[in-house]
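Protein chains in written order, with our numbering: chain A, 1 to 251; chain B, 1 to 399; chain C, 1 to 340.
Take the hints with a grain of salt, since some may be wrong.
[Said to hold, decoys possible] Taking lysine-lysine and the BS3-like style, the derived pairs with C-alpha atoms no more than 30 Å apart in a straight line are: (1) B/Lys247 / A/Lys52; (2) A/Lys106 / B/Lys233; (3) C/Lys150 / B/Lys350.
[To be verified] Here are the computed distance ranges between Cβ atoms for each label pair: (4) B/Tyr366 / C/Ile117: 14 to 22 Å; (5) A/Tyr246 / B/Tyr366: 47 to 55 Å; (6) C/Val326 / B/Gln237: 21 to 29 Å; (7) A/Gly91 / B/Ile17: 32 to 40 Å; (8) B/Leu367 / C/Ile95: 46 to 54 Å; (9) B/Phe313 / C/Ala218: 41 to 49 Å.
Worth flagging that the hints you see were computed from the coordinates, not collected in a lab.
This structure is a prediction, so every number in the text was calculated from the model and none was measured.
Note that beta-carbon positions come from the ideal geometry of N, C-alpha and C, so glycine has one too.
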Amino acid sequence: MGILEVKNVGKRFGGLQALSDVNLSVKENSVHAIIGPNGAGKSTLLNCLVGKLIPDSGSVMFDGQSVLGRAPYEINQMGISRVFQTPEIFGDLTVLENMMIPCLAKRDGAFELNAIGSVMSQRDILDKAEAMLEEMNMLEKRHMHAAAMSRGDKRRLEIGMCLSQEPRLLLLDEPTAGMARADTNNTIDLLKQISDERDITIAIIEHDMHVVFSLANRITVLAQGTPLVEDDPQNIRGNPKVREAYLGESA
Amino acid sequence: MFGLEKRDTTLLLIVAILTLFAPFILNPFPTGSGLAQFNAGYPDLMQRFVIFGIFAIGFNILFGLTGYLSFGHAAFLGVGSYSAVWMFKLLSMNVLPAILLSVIISGLFALVIGYISLRRSGIYFSILTLAFAQMSFSLAYSVLTPITNGETGLQLTLDDPRILGASATADGSIPVTNLFGLEMRSTYQMAVGAWDFQFNIGYYLCALILLAAFYLSIRIFRSPFGMMLRAVKSNQQRMNYTGLNSKPYTLAAFVISGMYAGLAGGLMASMDPLAGAERMQWTASGEVVLMTILGGAGTLIGPVLGAGFIKYFENIFSKINDNVLHGWFSFLPDGLEDFVVFIVHPFIGKGWHLTLGILFMLVVIYLPGGLVEGGQRIHGWIRGNKRGDASQSKTNPAE
Amino acid sequence: MDAFLLQILNGLDKGSAYALIALGLTLIFGTLGVVNFAHGALFMIGAFCAVTLQKIFNISFETIDATQTDFLGNPLKVKTTYLEHWLGADLGGLIINWSVPLAILFAIPIMICFGFIMERGLIKHFYKRPHADQILVTFGLAIVLQEVVKYFYGANPIPTPAPDALNGVANIGALIGMDIIYPVWRIVYFFFACLIIAGVFAFLQFTTFGMVVRAGMADRETVGLLGINIDRRFTIMFGIAAAVAGLAGVMYTPINSPNYHMGMDFLVLSFVVVVVGGMGSLPGAVLAGFVLGILESFASMEWAINLIPGINQIIIYLVAIIILLVRPRGLMGRKGVMED
Numbered sequence: 001m002g003i004l005e006v007k008n009v010g011k012r013f014g015g016l017q018a019l020s021d022v023n024l025s026v027k028e029n030s031v032h033a034i035i036g037p038n039g040a041g042k043s044t045l046l047n048c049l050v051g052k053l054i055p056d057s058g059s060v061m062f063d064g065q066s067v068l069g070r071a072p073y074e075i076n077q078m079g080i081s082r083v084f085q086t087p088e089i090f091g092d093l094t095v096l097e098n099m100m101i102p103c104l105a106k107r108d109g110a111f112e113l114n115a116i117g118s119v120m121s122q123r124d125i126l127d128k129a130e131a132m133l134e135e136m137n138m139l140e141k142r143h144m145h146a147a148a149m150s151r152g153d154k155r156r157l158e159i160g161m162c163l164s165q166e167p168r169l170l171l172l173d174e175p176t177a178g179m180a181r182a183d184t185n186n187t188i189d190l191l192k193q194i195s196d197e198r199d200i201t202i203a204i205i206e207h208d209m210h211v212v213f214s215l216a217n218r219i220t221v222l223a224q225g226t227p228l229v230e231d232d233p234q235n236i237r238g239n240p241k242v243r244e245a246y247l248g249e250s251a
Numbered sequence: 001m002f003g004l005e006k007r008d009t010t011l012l013l014i015v016a017i018l019t020l021f022a023p024f025i026l027n028p029f030p031t032g033s034g035l036a037q038f039n040a041g042y043p044d045l046m047q048r049f050v051i052f053g054i055f056a057i058g059f060n061i062l063f064g065l066t067g068y069l070s071f072g073h074a075a076f077l078g079v080g081s082y083s084a085v086w087m088f089k090l091l092s093m094n095v096l097p098a099i100l101l102s103v104i105i106s107g108l109f110a111l112v113i114g115y116i117s118l119r120r121s122g123i124y125f126s127i128l129t130l131a132f133a134q135m136s137f138s139l140a141y142s143v144l145t146p147i148t149n150g151e152t153g154l155q156l157t158l159d160d161p162r163i164l165g166a167s168a169t170a171d172g173s174i175p176v177t178n179l180f181g182l183e184m185r186s187t188y189q190m191a192v193g194a195w196d197f198q199f200n201i202g203y204y205l206c207a208l209i210l211l212a213a214f215y216l217s218i219r220i221f222r223s224p225f226g227m228m229l230r231a232v233k234s235n236q237q238r239m240n241y242t243g244l245n246s247k248p249y250t251l252a253a254f255v256i257s258g259m260y261a262g263l264a265g266g267l268m269a270s271m272d273p274l275a276g277a278e279r280m281q282w283t284a285s286g287e288v289v290l291m292t293i294l295g296g297a298g299t300l301i302g303p304v305l306g307a308g309f310i311k312y313f314e315n316i317f318s319k320i321n322d323n324v325l326h327g328w329f330s331f332l333p334d335g336l337e338d339f340v341v342f343i344v345h346p347f348i349g350k351g352w353h354l355t356l357g358i359l360f361m362l363v364v365i366y367l368p369g370g371l372v373e374g375g376q377r378i379h380g381w382i383r384g385n386k387r388g389d390a391s392q393s394k395t396n397p398a399e
Numbered sequence: 001m002d003a004f005l006l007q008i009l010n011g012l013d014k015g016s017a018y019a020l021i022a023l024g025l026t027l028i029f030g031t032l033g034v035v036n037f038a039h040g041a042l043f044m045i046g047a048f049c050a051v052t053l054q055k056i057f058n059i060s061f062e063t064i065d066a067t068q069t070d071f072l073g074n075p076l077k078v079k080t081t082y083l084e085h086w087l088g089a090d091l092g093g094l095i096i097n098w099s100v101p102l103a104i105l106f107a108i109p110i111m112i113c114f115g116f117i118m119e120r121g122l123i124k125h126f127y128k129r130p131h132a133d134q135i136l137v138t139f140g141l142a143i144v145l146q147e148v149v150k151y152f153y154g155a156n157p158i159p160t161p162a163p164d165a166l167n168g169v170a171n172i173g174a175l176i177g178m179d180i181i182y183p184v185w186r187i188v189y190f191f192f193a194c195l196i197i198a199g200v201f202a203f204l205q206f207t208t209f210g211m212v213v214r215a216g217m218a219d220r221e222t223v224g225l226l227g228i229n230i231d232r233r234f235t236i237m238f239g240i241a242a243a244v245a246g247l248a249g250v251m252y253t254p255i256n257s258p259n260y261h262m263g264m265d266f267l268v269l270s271f272v273v274v275v276v277g278g279m280g281s282l283p284g285a286v287l288a289g290f291v292l293g294i295l296e297s298f299a300s301m302e303w304a305i306n307l308i309p310g311i312n313q314i315i316i317y318l319v320a321i322i323i324l325l326v327r328p329r330g331l332m333g334r335k336g337v338m339e340d
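Take the sequences, apply the hints, and build the full model.
See below:
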């Protein structure tokens, strides 16, 4: 049994069958990549996992519990954190405040009406946020406006925010899309470090094969809304079906 | 002090000094001098300053922090006024129960309206609040006449029951509002030389409540709750994917700001025990929007400044007439004097709203941070590092 | 049956005004993506174009008629308008009498210019700002416009009657063998509104210009990539939307004497109409305008008021609230357009 079990999931948009009969099992503490040509249904699948979309059929179980019909915030509270393709952070807030919010969400839950105490006097939250910033190498930027940072820094901040919630499963949606080579390599190193040092499962949707083969220890190939193969990286490389799916697409 | 950071304590002290010494500050010209008409140290005017200050502080908790633009907040002010007047009619002329009831009722009202309106965001939210407020206004004018007394407005009469008080005083008139015997209208006049300062009980009650309301808003701004509200404004998507349910946060902000509006309405009725439907009209809601934006939405002191600014100049402008203008410009040659007076004339007296509209547009276009941003820019300009201060003011949005 | 038809007819004139204002609001929102709180003010300015023309026509000079005396026994002072003086009493009088319909010609260029100036001078700078800022700045503009009008025309409503020929009532039921007495001008207003609406739709449907604008409403960026200057066309659309609102105002003056705050009064309702019809949907705006006008008219019937007191005051808001909650995209709005 994997930590995330996707069974027979289907999703249709009008006349388009975006997903059909998707089965996927993500093992605990693995780095599982989901790859596939454009329009294969990767993003739709991801959105079904985090509560943005509700599949028409099938089931999605996380750690033995169904996530279907739950709101994104509930699914997050179950232990799934999501990193977006373009970094989604609180641009109007400072870097430190950005980091404090997930810490508060972890401690106090989805809603807590604490309107009187000063947020800066919450020692535990402050320490935790600063420690995470330290780990992300951005402590000296803590008073900066998050929106004013470079894209690479925003990505680091977003990953740090997700990690500070101590999630069991980290979902990444093309985390290096639009990045320069150097930034991409930095992100790969960061993710490697995270998966080595932490008790965490990572599921990653990616286009860039360099990223996929540097990180993943399990790969699912999605084509036309349905899984083609699921295997170890070395076997995927040589698989003729995969080649066909990609070449057919690019040709 | 008071569990606040140094900067916030300073801000609170400034507001405290401004409000407590307002009878002096607003009365700079000796009685009988030509400029005395520009004094603003009269009880009813000063009461209006602080009451609208409270209203704007509350509105800012919603709009300034979450970015949800409500165009119906006057409805809560109106409900607060009606509740307070009913308390005067039924229970007693003590303002305390009246103010409490107005806060509670407007809070409940805000809970219902907020619960429905907040199912939408952006412009739809604005239109929903607008629709609710206009509906309340129409109902108050027509069907709810037994409660609101329709067009005439709700007033006290000699045959009101007033269970814990007298229906009428010994000399047969309607009793006056009081706080455990301290009459709201009683005013102590202090003559110092040519000056005549007025200290009014009602004003000081309002001022103390304003200080409490301001203090509470500072606490809210600096609290985890306040940070969550700013997160709502900044990025709701990220918030939801961080395990936070933004709905109850915005609803709580909506109810709190509705209660502030109700408090302002209750105080208004406590100072002058009547309530009319026109207080609920959407242009009245627009006024508190103007105050907050003009002062600086999302800043602590902005709404107070905006409310004071608008109410002060509303009073001053309405008093300026052509004669006053001729007096001011008499140093100019005759033809030029007439010309200047002719140009300025549309903007004064009854033209105050024109001036206000233009001012408001200029602020929205050029100074989105309102008077507070203006102050910061001038400050930075004086220090000679315009650039540096602009970025600094951005990092401290909740000044 | 007669009463039923009469209520529908009663709803038509208000419905026409709602539909026209909502049409303009939707044009502006659909093309420019701007929420225009000053649109009611444009309606009001149109109405005051009619007032102004009436005033111009009535400019007169005084002569002393020695043959008559007033009640004090002094020679009677007679006012004669220049129009009557120049064109003779018959033709001059006729023109003065027809000042409201003639104001249409007067208002079109004024309103279009006004729209251009407003778009180029103000709205253009707000395309990229949030909707809240657009609402705020146009709200400020609406205040300024109404205060300017108040300064020049005073606060009281100014009567602007319809031409005598169109001022009475007619039994329009006679056509279908029923007895329905109805004011003539309201029929005129309804047909006028239909004409304008048809004109706008035909313009958008059958001209190249309209086709480009519609394409721009659907996908602005792509049209821009084709090398078509969509911004200039949008400016022109703003002028047209202003003219539509203005003409709605001109023709409305005989139904309700114009005053400076009539724009604000209509604005709130028109926004509600737009929301009910579906933000960005032109047919939706027109449909919702008429439907809500007629609903309002039915809600003012005695049985409705007896059933739910005050329903006539709140029916439109009630409908809007329900629509927003159960079908946020409105009656005919496209899926996904500003649905949250």
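Do the hints match the structure? See the list:
For a cut-off of 30 Å, the pair hint linking lysine 247 of chain B to lysine 52 of chain A stands: about 16 Å separates their Cα positions. For the hint linking lysine 106 of chain A to lysine 233 of chain B, the alpha-carbon distance of about 20 Å falls within 30 Å, and the restraint holds. Distance restraint check for lysine 150 of chain C and lysine 350 of chain B: the Cα-Cα separation of roughly 10 Å lies within the 30 Å cut-off, and the hinted pair is therefore satisfied. In this structure the hint that tyrosine 366 of chain B and isoleucine 117 of chain C lie 14 to 22 Å apart at CB holds, the actual value being about 19 Å.
Roughly 54 Å separates the CB atoms of tyrosine 246 of chain A and tyrosine 366 of chain B, a value that falls within the hinted 47 to 55 Å. Separated by about 24 Å at the C-beta atoms, valine 326 of chain C and glutamine 237 of chain B satisfy the suggested range of 21 to 29 Å. The beta-carbon spacing between glycine 91 of chain A and isoleucine 17 of chain B, approximately 36 Å, falls within the hinted interval of 32 to 40 Å. Distance hint for leucine 367 of chain B and isoleucine 95 of chain C: a CB-CB separation of about 49 Å, consistent with the stated range 46 to 54 Å.
For the hinted restraint 41 to 49 Å between phenylalanine 313 of chain B and alanine 218 of chain C, the CB-CB distance of approximately 47 Å keeps it satisfied.
Going down the numbered hints, you'll see the structure goes against none, and every one checks out.
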